[in-house]
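Asker: Keeping their order, the protein sequence lines are chains A and V.
Numbering of the first sequence is given in our numbering, commencing with residue 1174 and proceeding in unit increments.
Numbering of the second sequence is given in our numbering, commencing with residue 1174 and proceeding in unit increments.
Derived from the structure by calculation, the hints contain no laboratory data.
Here the structure is a predicted model, which is why all the values come from computation and not from measurement.
Any given hint could be a false lead.
You can't tell identical chains apart in this list, so a pair holds if it fits in one copy or across any two.
Cut-off 30 Å, straight-line C-alpha distance, at most; resulting in silico cross-link-like pairs (DSS-like, lysine-lysine) [claimed, not checked]:
(1) Lys1336 - Lys1470
(2) Lys1250 - Lys1188
(3) Lys1250 - Lys1336
(4) Lys1290 - Lys1390
(5) Lys1459 - Lys1336
(6) Lys1431 - Lys1290
(7) Lys1470 - Lys1431
(8) Lys1470 - Lys1250
(9) Lys1290 - Lys1336
(10) Lys1431 - Lys1459
(11) Lys1470 - Lys1390
(12) Lys1431 - Lys1390
(13) Lys1250 - Lys1459
(14) Lys1250 - Lys1390
(15) Lys1337 - Lys1459
(16) Lys1290 - Lys1188
(17) Lys1250 - Lys1431
(18) Lys1188 - Lys1336
(19) Lys1459 - Lys1390
(20) Lys1188 - Lys1470
(21) Lys1470 - Lys1459
(22) Lys1459 - Lys1290
2 protein chains.
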Amino acid sequence: MPLLVTGSIGIDTIKTPHGMSERCLGGSSIYFSMAASLFAPVRFVGVVGDDCPFDLPGLFRGRDVDLRGLEVRSGSKTFVWHGTYHENMNDRTTDHVELNVLQEAPPTVPEVFCDSKFVFLANTAPALQMQLLSQIRSPLFVAVDTMDLWIRSSLPDLRELLKKVHCLIVNDEEARLLAGRLNLIAAAEAILVMGPRIVIVKKGEAGSLMCLADGSKFILPAYPATEVRDPTGAGDSFAGGLMGYLAQARTTDFDTLKRAVAYGTVVASFTISDFSLAGLTAATRKDIDARLGLLRKFTCF
Amino acid sequence: MPLLVTGSIGIDTIKTPHGMSERCLGGSSIYFSMAASLFAPVRFVGVVGDDCPFDLPGLFRGRDVDLRGLEVRSGSKTFVWHGTYHENMNDRTTDHVELNVLQEAPPTVPEVFCDSKFVFLANTAPALQMQLLSQIRSPLFVAVDTMDLWIRSSLPDLRELLKKVHCLIVNDEEARLLAGRLNLIAAAEAILVMGPRIVIVKKGEAGSLMCLADGSKFILPAYPATEVRDPTGAGDSFAGGLMGYLAQARTTDFDTLKRAVAYGTVVASFTISDFSLAGLTAATRKDIDARLGLLRKFTCF
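The shape of chain A in the complex, shown without the other chains:
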């Protein structure tokens, strides 16, 4: 079942203790689509400026990613992000940002995408996420990401959005900030009261936590990686693997959700193994399934 994603496309410059990658391809929708297309057809909605140096059709060649929602906006400039990861690889500093086209009007969802049933709204202003979502006629399962900036600056919009979506995927600090609770379980439970029936909290090296409105919980460690070269895109790849698996399964019962979190975890472990999209792009579905089997062996008792 096709899965619609809207999010950023960026020109990233990344420094980590393992090296540097200048003006490489990044952005939430890129990582998400590369991950999700391992599982299901992806409908891509995003916008770049006419300075965009990347061959996106070439990047996704051989994958079922429908780029009819990709807008190349004349006279606009592509989003730029420079970041540095510190020695522990969990903390990062944003060195430089040029929002550029991201602060202009959002891209339009093509009419042929408006019947999408699975939808992921990557991190952007909640009012824009709402505007994008309103174009989808009858979605079955909508997941959103957000960030500290919107929790602080656009909380009323975000609270409205949370009433309309099924699942929120955020990191631990964002969950604590949104809920005003330090304990992550308590934070997730407080967010469930705001609307979504599923809250998934990404904890980086410590794995992830999923809480459902019916009280079900699932906790999964990160895949035990000894080689972490570039964590950029880990969260978006996690969301892509997770949503891709759900769209493939066409269902969101608890057992399927648990496997989806596990697939997201494994996909992210390939992303962080190399700079930019190199690790994720090299992974096949067979690699993913093999690592899922290992993760099960590492975690079940």
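With chain A's structure known, arrange chain V on it following the hints.
Answerer: Then chain V, alone, in the frame of chain A:
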């Protein structure tokens, strides 16, 4: 099969965001024994001063804890520790320490304990741990704890000790410090080269990681607790539940080790639910088994 433990007995004063407990019972061997006695007979070796205000035989009444190794040293004073937990409940500050009897001669292992097969050497100077271990004739499985102080000040002694034990149980910062590696998997693998065939890394709220010399790995999240009132003793309770289960099982194959880590995790979740020993003491084996079932449900996919 009886399990021998040597470690501290302390008079603790604990402050957490949830309250304060003054001059309550603490110490590694106390938490360890209370946890381990849920599973197997415990042989207790420790020393207090004649100022010790606690009724230890009364505390362990109804549990199979053999206190013939408890020495009440005339003219000496009991170990005192004051600590404050910060808002996140993971970080703590030691406000005040009086080592007292802990800096005198260690207690003697009673002759009737010298045939013990399972042994846990709680955190103290590695030379003392070695001296205690040398009194055990033919142990089958020896686990040790250590801390940053000894890694920095007594590394040669610690390296000697690590050649003689089967398992090291440390927290994440200690593992990183000992191995000189930031990545925890890499750190555990570096420690395996120093001698033990098993390294177990406690990560607090993030759970634990076990690496074996044969390449096997097990990763388990912490039990999802919403009520954390006092984390004191969590690590020693974890070790107690783990070692108690191994002593009960009389074996240390990988599947048994995985279940032992899970039992340690669950036992620790009772410890942190209340101040001092209140949460742990109230837990029955039936409570523990019920929560183990839940933990399996929360983590397996």
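Asker: Which numbered hints does this structure break?
Answerer: 3, 5, 8, 13, 14, 15, 16, 17, 18, 20
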